[in-house]
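Chemist: If you want the building blocks of each chain, they are given just below.
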Amino acid sequence: MQDFSLALLLPQILLLVFAALALAVGLWSGADGWLAYRPDRLGRPLAALLHGLNPGLLGACGLLLALVAQGQILFGILPQFGPLPVTQLSDALTVDPAGIVFGMVACLATLGVIPMAADHFADDRKNSGELHFLLLCACAAVTMAALAADLLSVYLSLEFLSVTSYVLAGFRRSDARSVEAAIKYFLFGAACSAATLYGMSVLFGMTGTLSLRGIGESLMLGQFTSPALWVATLLTLTAVAFKVAAVPFHLWALDVYQGAPTPVTAFLSVASKAAGLAVLLRLLWTCFAAALDWVPLVGILSAASMTLGNLAAIPQKNVKRMLAYSSISHAGYLLIGFAALGVTLRDPRLFALQGVLVYLAGYLLANIGTFAAVNAVERLTGSAEIPAYRGLMQRSPGLAIALVVFFLSLAGLPPTLGFAGKFWVFAAAIKTNIQLLWWLAAIGVANSVVSVYYYFNVARAMFFEEPRDPAPLPAPVASASVVWACALASVALLVALQPLARAAASGAWMSFVPR
Amino acid sequence: MDRWVLTVITFWPLAVLAGVLCIPARMERAIKWFSIAGSLPPLVLSAWLWLDYSGQSGMRYVMKVPWISAIGVDYHVGADGLSVPMFFLTALLTTLSLISSLNITVRVKEYFALFLLLETGMFGVFAALDYFLFYVFWEISLVPMYFLIGIWGGPRREYAAIKFFLYTLVGSVCMLLAILALYFATGAETFDMLQIAGQQPFAGRGVVQALVFWALFLGFAIKVPVWPFHTWLPDAHVEAPTAGSVILAGVLLKMGCYGFLRILLPTLPEASAQFSVWVGALALVSIVYGAFVAMAQMDFKKLIAYSSVNHMGYVMLGIAAASSLSAAGLTDRATALNGAMLQMFSHGVITGALFLLVGVIYDRAHTRDLREFGGLGAVMPRYSVALWVSCFASLGLPGMSGFVAEFFVFRGAFPAYLLFTCLATIGLVVTAAYLLWTIQRVLLGPTNEKWAKLPDMDAREVVSVLPLIALMVLFGVYPRPILEILNGFARQLAALFGAG
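Respectively, the protein sequence lines represent chains A and B. Residue 160 in numbering that gives the first Met the number 0 sits at position 161 of the first sequence; the count goes up by one each step and never skips. Residue 104 in numbering that gives the first Met the number 0 sits at position 105 of the second sequence; the count goes up by one each step and never skips.
Extracted from the complex, chain A is given alone in its bound form (with noise of 0.2 Å):
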């Protein structure tokens, strides 16, 4: 309980600050916004900068500032800025590096999608204020899960998101496919919530603290039985698989991901994502660390996921679909990182979870980025079919490259940071020199092999093929930057890996550090 601060919160204030001025700009600006029908209500000059706002502008300098705030914090409070690395607010958070950086994934991925939510509700403009209002309350609401240290501010954190969430799958109200996204997420989600409810019901009362911290050290006392445990773990964990996109919670992906608007799509492949993973890495950290041995559950988990989500990827035909399967995957690769990490509990350098910040650093650019692609093409041809990919190369040669780049990092070929984040994760798991982690590692890399397949099928498509229509397809501007911008940077920072490999050195540090 020391230095409670409520400076600590200021990236989520910021964010649900700009969300709500995005939302009240969306109603005055536009065409058929307030302002449209008075304009001289104001004034002029007021009028005119009201009117020049724009909920997206809002919500990017929202998050550009969240993002500064963030690092911010967690400079402030490094090992060699301050006493500790760690600061207790309440019970109910706790600002740490890890939860920090985790919450810095998701604005930088909300920062790719707002651009791409441009380009892709160019027609359909007079809802942007509600679009980025909700984008910005799910942004915020993946920050507040990373931080959050009870199972209340856990479970909020985590509707939060996925109420949000089910709305933006659902924002193209005209397309059937995005109502059913939005439908099917809805269930499956209402579902795992309650199961999760469930289990933290019977954690309380076995242990009668909703602290993390506290149902940490009343576990470790040992008086539980194992079954009892178990179920509570596995109930508890549900919500987190299904955010994380865990084999066997990630039936609701494939339609989600294909039915949702890309943007949203995007969103949910990474922000998501990383809520599920850093309530999961805390649950499993905090709580469990000292009670039960996870780690055969996460690793069964991690091969699940990769081997499932690669094979289902190869026979899809259309490219959404098929980086839902993708990114199934890449969670089962980032579970092999939890899993080291869960051997390896008392290395104080935390190697694993540094490569699991690496891995997603990679992932976050090479997904936002291929999203923008795929969000691209889908504006300039109307369709995500392979078929649509044909002859890219010499329609628009810039994003078929900068696809090929985001390909070879998702597929954890060099010269990419995705190179880099497979080659740390699988590092992190030979380092713990026990057998089933090799056995993990090892599929890690055959699953790799597999993946080229398909991401190399779209590729094929791109170059190989010959294009129905030859003509060119300049990609719209707002996208394209966000392409370039992810594709620069993929390979750029495996250049220059070192200044990334200590930001993730400084970012893995956990609380309460089990013992």
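Derived from the structure by calculation, the hints contain no laboratory data. Where hints are given, some of them may not hold.
Stated by the list, open to error - Restricting the straight-line Cα-Cα distance to at most 35 Å, the calculated cross-link-like pairs of lysine-lysine (DSBU-like) are:
#1 A/Lys125 - A/Lys183
#2 A/Lys125 - A/Lys316
#3 B/Lys162 - B/Lys108
#4 A/Lys316 - B/Lys162
#5 B/Lys452 - A/Lys316
#6 B/Lys108 - B/Lys452
Dock chain B against the given chain A, drawing on the hints supplied.
Modeler: Frame of chain A; chain B shown alone:
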């Protein structure tokens, strides 16, 4: 100069690539000549490297700069007797391939850009002395070749491209796991190849050592390729465009052998010695099987492709003999290694020329079916001379570089693996048979009326083949310049396995 030369050679093609990207795609001649001119500086520098290095030994031109110190990765490059000839081979074959690609008409800009990217990847593999760096370049060389086969290849190009990609990738990821195991085994948290090799991790650790050995073996053996991991090769070589086949056979296969000599033998000498009999057996199968299968081919290009399996078998036989458990002395082992490395260079030159010559005839006749040719010797005299010389070099006629290399391998392998060496001579005989038969079917006999009007090789084709033929003859008659370079490395590596 010494410190920077390898870096300049490696990244120069990337700079040229950046230039190519700035030229508008419709200016095809400008792109072609700019790329060819741009490929000359690395060629000159690697020739300088050769001259400068001769008479020396040990690792030179070293540059070591911390890269990712968080995990102990350095930008660490250097060259020794093993890699100097490989630099020259890479630079030479790239320039000649680009010259022979002047007749490319489809998507010229992409073609030349990919070729330059490929060149950087190949140089990087031979320069890297850090596992992380090595792996990065190893994979970089994979991707452009995938596109070269897939876009400009033959009828089954898509299948061949992805098969090549996935096959090699399986090997590389096994190698990746082995590299990580090496990294953690030393406890020094370094990816420095030389340092790890110096520490001899896993010495005396049976099972783990064997696992790491076979993982690395798979990574390199697929690339070489050693039977039974060769099945990607005929597809990739046959479907690739001519210049792609030249680089594939000339340089990319050598990367596998290079891995054996640079990484596997020095780092795991114990396991290498223990398993060398298996490596030798696989090499023998490659030699004999490759030769017989080549003989059965009716497709000229496929025949040359299978002859690569056969010829790379000699390299592997030399490597196996050098690391054998037998009582063979230092000189025998060094001889085998010299032979293996000479064969690497010589095969690059000879097979490069052969693929170019297959390309020449395919461009004219639009078929590669050996049954359809005949009597071309009278129609195309220049072509005929080039093919005669190259085939003789390939079958190991004395006075040609192939002979010197194979002689060294057999001489070196004889004390270690008497039986294998004797059986491997079957391969020699069959190779002679199918190459002579090929000459007979293509150049001799009655002229097929269909081809009576074929034009002889033009300047572009002569220029791209002539340097290779000169090298075959030069090193066949006077191999000393290359052996001087190789020998230092060979003796140093051989000393790990047997005393003098």
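Chemist: Next, verify each hint and record whether it holds.
Modeler: To see whether the hints hold, each was checked on the structure:
no. : hint                : result
1   : A/Lys125 - A/Lys183 : holds (26 Å)
2   : A/Lys125 - A/Lys316 : holds (33 Å)
3   : B/Lys162 - B/Lys108 : holds (25 Å)
4   : A/Lys316 - B/Lys162 : holds (21 Å)
5   : B/Lys452 - A/Lys316 : violated (49 Å)
6   : B/Lys108 - B/Lys452 : holds (33 Å)
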